[in-house]
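Note that the protein sequences, when read in sequence, are chains A and B.
Mapped onto the numbering used here, the consecutive letters of the first sequence carry residue numbers 1 to 125.
Mapped onto the numbering used here, the consecutive letters of the second sequence carry residue numbers 1 to 691.
Treat the hints with care, since some could be wrong.
With beta-carbon atoms standing in for the labels, derived distance ranges [to be verified]:
| no. | chain 1 | residue 1 | chain 2 | residue 2 | range |
| --- | --- | --- | --- | --- | --- |
| 1 | B | H551 | A | M96 | 42 to 52 angstroms |
| 2 | A | M96 | B | F636 | 47 to 57 angstroms |
| 3 | A | M96 | B | I509 | 57 to 67 angstroms |
| 4 | A | K45 | B | Y571 | 47 to 57 angstroms |
Coverage of chain B stretches by chain A, computed from C-beta distances (three or more under 8 angstroms per stretch; other residues unrestricted) [said to hold, decoys possible]:
| no. | region |
| --- | --- |
| 5 | 439-452 |
| 6 | 479-493 |
| 7 | 509-518 |
Simulated from the structure, these hints should not be mistaken for lab results.
All residues carry an ideal CB built from backbone N, CA and C; glycine is no exception.
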Amino acid sequence: MKIILVIEDNSNLRENTCEILELSGYEVYSAVNGMDGIALAKEKKPHIILCDIMMPEADGFVVLKELKTNSETSDIPVIFLTASAEKSDVIAGLGMGANGYIRKPFGPGELFSEIELCLKEVNGE
Amino acid sequence: MASALIIAHQELAQLKKENGRRAAEFIIAARELVFQKGEKVKRASELVIVNRELIFQKKEKGKRVLELLNANKALTLLNVQTEKRAAELLIAINELSFQNEEKGKRAAELIIANQEHAYQNKEKEKRADELRVANKELAIQNAENEKRTDELTFVNEKFIKSEAALNKLNEVLEEIVIERTSALQESVKETIKANQDKESVLNRISDGVVSLDNEWRYTFLNNAALATHPVSKEATLGMVIWDVYPDLHETIFWEKYHEAMLSKKVVEIESYYTPMNIWLSVKIYPSSDGLTIFSKDITKRKIADQKLEQSLREVSDYKYALEECCMVAITNQKGIIQYVNANFCEISKYKYEELVGQNHRIINSGYHSKEFIRNLWTTISNGKIWRGEIKNKAKDETMYWVSTTIVPFLNEDGKPYKYLALRSDITMRKQAEERILKMNEELEDKVTARTLELTESLVKEKVLNEMKSRFVSLASHEFRTPLSTILSSVSLIDSYSHENQKASRIKHIERIRSSVKDLTGILEDFLSLDKLELGKTEITPEVFDLNEFSHDIIEEVNFMLKKGQHIQYTYSGEKELLQDKKILKNVFLNLLSNATKYSGENQVICLSIELANSIVSIRVKDEGIGIPEEEQKNMFQKFYRGKNAIHIQGTGLGLTIVKKYVELLKGTITFQSTFNLGTVFTVEFPQNILS
């Protein structure tokens with residue numbers, strides 16, 4: 001079973017996302033801020049991480065940097081959940097090693113297609 | 001045993017001795033070794049010295065070799081030079097021997113010459129002897145001659161006496177003849193001279209002179225007249241003038257000649273003579289013999305006259321033009337006005353009589369610098385023309401500008417004796433120039449001011465733009481996150497289609513509602529700001545209990561608190577007030593939600609209210625992230641968010657709205673904050689908004 005970590009400070013969105021993923025058969029963990037997310041990533045070693053950018057206590061970029069520079073977590077693909085209207089944020093994220101991004105507002109369709117794409121890439125397909 | 005001992009002893013002693021000897025030998029050997037070592041060291045040091053010396057010598061040798069090489073070079077050079085010298089010497093020697101030979105030849109020649117000389121001397125002596133003999137002979141002959149001479153002299157004397165008498169007679173006769181002859185010659189000369197004088201004078205003058213007899217025949221014409229006549233002098237003399245000049249017939253000349261001939265009065269005419277294309281001045285002197293006519297070609301003079309006339313006319317035209325369009329003034333060398341024209345009077349507003357005799361200074365405006373005036377005077381008093389623009393003063397104290405040219409008139413010494421000043425009125429132009437200058441200055445001022453304004457507004461705009469772009473990214477986050485929730489909730493509701501999944505459906509409907517509420521809240525922030533800014537927010541005062549009101553608010557805020565956060569509440573003073581409840585609620589909610597949003601978990605938020613002296617004081621204190629000092633001044637600006645708050649949800653509108661609301665309540669808002677330690681907001685407003 002694939003493990004997914006969701007880091008998102010908005011509780012409604014976080015819970016909804018978790019629910020959708022769980023219903024599709026993923027094992028899902030969630031964190032309400034960046035610091036918790038980093039700790040959980042190290043602990044659970046998820047197959048994929050969905051991470052909001054704009055968050056209190058370590059934003060998405062901090063989380064990404066921390067995960068990518070740590071050998072335990074550097075191989076985990078990270079997908080940004082971005083609300084930013086600016087392309088520059090997305091580009092900056094990809095430049096820092098993010099594996100993909102999903103633009104808010106998103107529904108289950110966008111969520112799954114990006115996750116599947118990312119997993120395929122990781123598996124070298 | 002004893003013996004054995006003794007033997008052993010002896011052996012021992014023997015051994016000891018041996019040992020002693022050996023030891024001594026060792027010592028000696030050791031000393032020798034030491035000595036040899038010492039020697040070696042010495043040798044070594046000697047070798048070192050020797051080595052150094054060798055090195056030194058080598059170097060010396062090197063030097064010597066170099067020196068030798070140099071010496072060799074020098075020698076070679078010397079040899080070459082020596083050879084050259086030798087060659088030169090050989091040549092010199094050859095020359096010398098040649099010269100010697102020459103000398104020898106000369107010596108031989110001299111000897112021969114000497115011999116010849118000696119021979120000649122001898123010859124001379126011989127001759128001298130011969131001469132002496134001849135002299136003696138001569139002396140004898142002389143004596144004889146003298147005798148003869150005496151005889152002859154006597155005869156001669158007689159002859160001379162008779163001849164002298166004859167000569168005297170001759171002389172007297174000759175004198176008489178000469179006297180007669182010279183008298184005759186004189187009278188002839190005088191006659192000739194008189195005739196010649198007359199003709200030559202007439203010939204020499206440039207006028208044509210012609211004499212006619214009473215029958216119009218030529219009796220005389222001089223060279224000048226001849227030049228214009230078609231045939232030779234001899235052919236002309238005796239001819240009738242009308243035959244020589246048929247063209248004269250019926251001309252003015254013809255008339256006048258006849259007039260003079262008839263009236264016997266002198267007639268003068270000056271007329272153009274068409275056949276010859278010349279102007280002639282003719283004087284006709286009648287006499288009893290006929291006429292003598294003096295004629296002169298005055299064409300040149302006539303042309304000059306015409307030209308002069310033309311120039312005079314032009315000058316008078318110029319003068320007229322000048323007088324018409326210029327201000328003309330003439331002063332003497334001291335600047336006393338001698339003449340002004342009508343234009344001058346008109347523009348300077350003085351009368352002619354008021355100006356003439358006055359110093360030119362009368363029209364000075366005092367506008368120009370002393371240096372400017374001095375330069376003008378230096379220029380013209382040095383005989384040079386001055387040109388420039390001058391501001392002058394009219395009689396009525398008004399100013400006028402003139403473009404001026406001052407021309408000095410110079411006497412024989414080159415010194416100016418009067419000045420002619422020509423001016424034209426350029427006041428209009430000058431005024432226009434001044435206006436333009438002024439307008440330019442004004443324009444420049446305006447441009448500067450406008451630039452300043454623009455720069456300021458540009459800075460403002462830039463700040464506003466920055467804030468806007470910040471707002472766009474914030475707002476987009478604030479909007480997109482609840483929208484995402486709605487989208488996912490909707491799709492989840494879709495999947496919970498079974499009857500027994502109603503609870504889940506309701507949960508998601510609730511989430512959708514909550515997200516929509518979030519969105520509405522943000523929208524309301526915008527709308528209320530817009531309304532506030534347009535001044536459309538209306539106050540509806542009502543009486544209420546502030547303490548109760550606060551409790552309600554706290555209850556509402558408790559739902560928003562983070563884990564472990566709680567609100568510490570105190571209240572003192574009266575409770576009733578007359579204020580706009582809705583606006584006050586907004587203020588409370590905003591400040592309290594900020595306090596929880598910018599504080600961490602487990603931190604305390606204090607709300608203390610005090611109502612005293614009809615003034616309500618509300619303090620909201622948190623222990624949160626605080627506001628950096630450098631950003632505190634911007635906190636009430638639209639869309640502004642502290643650097644440390646960028647990643648916390650918010651629109652940057654809350655405090656802007658709060659401030660406007662507080663102002664509507666006729667109150668004030670201030671805050672004190674320390675970075676990372678927390679913030680205290682203080683709001684004060686009157687108990688009765690209508691008071």
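Worksheet item: M96(A) and F636(B), beta-carbon distance inside 47 to 57 angstroms?
Response: Because 35 angstroms falls outside the window, the suggested range is violated.
Worksheet item: Taking a Cβ-Cβ distance under 8 angstroms as contact, does the region 479-493 of chain B have three or more residues in contact with chain A?
Response: holds (count 14)
Fill in: Per-stretch coverage check for the region 439-452 of chain B, three Cβ contacts closer than 8 angstroms to chain A
violated (count 0)
Item to complete: Please test the hint of 57 to 67 angstroms on the beta carbon pair from M96(A) and I509(B).
Response: violated, 38 angstroms
Discussion item. Is the listed coverage of the region 509-518 of chain B by chain A valid when you require three or more residues with a beta carbon under 8 angstroms from a beta carbon of that chain?
Written reply: holds (count 3)
Worksheet item: Are K45(A) and Y571(B) spaced within 47 to 57 angstroms by their CB atoms?
Response: Given a distance of about 53 angstroms, which is inside 47 to 57 angstroms, the answer is holds.
Practice prompt. Given the hint of 42 to 52 angstroms, check if H551(B) and M96(A) actually sit that far apart at their C-beta atoms.
Written response: For H551(B) and M96(A) the Cβ distance comes to about 48 angstroms; the hint holds.
Comparing the model with each earlier hint shows violations of hints 2, 3, 5; every other hint is respected.
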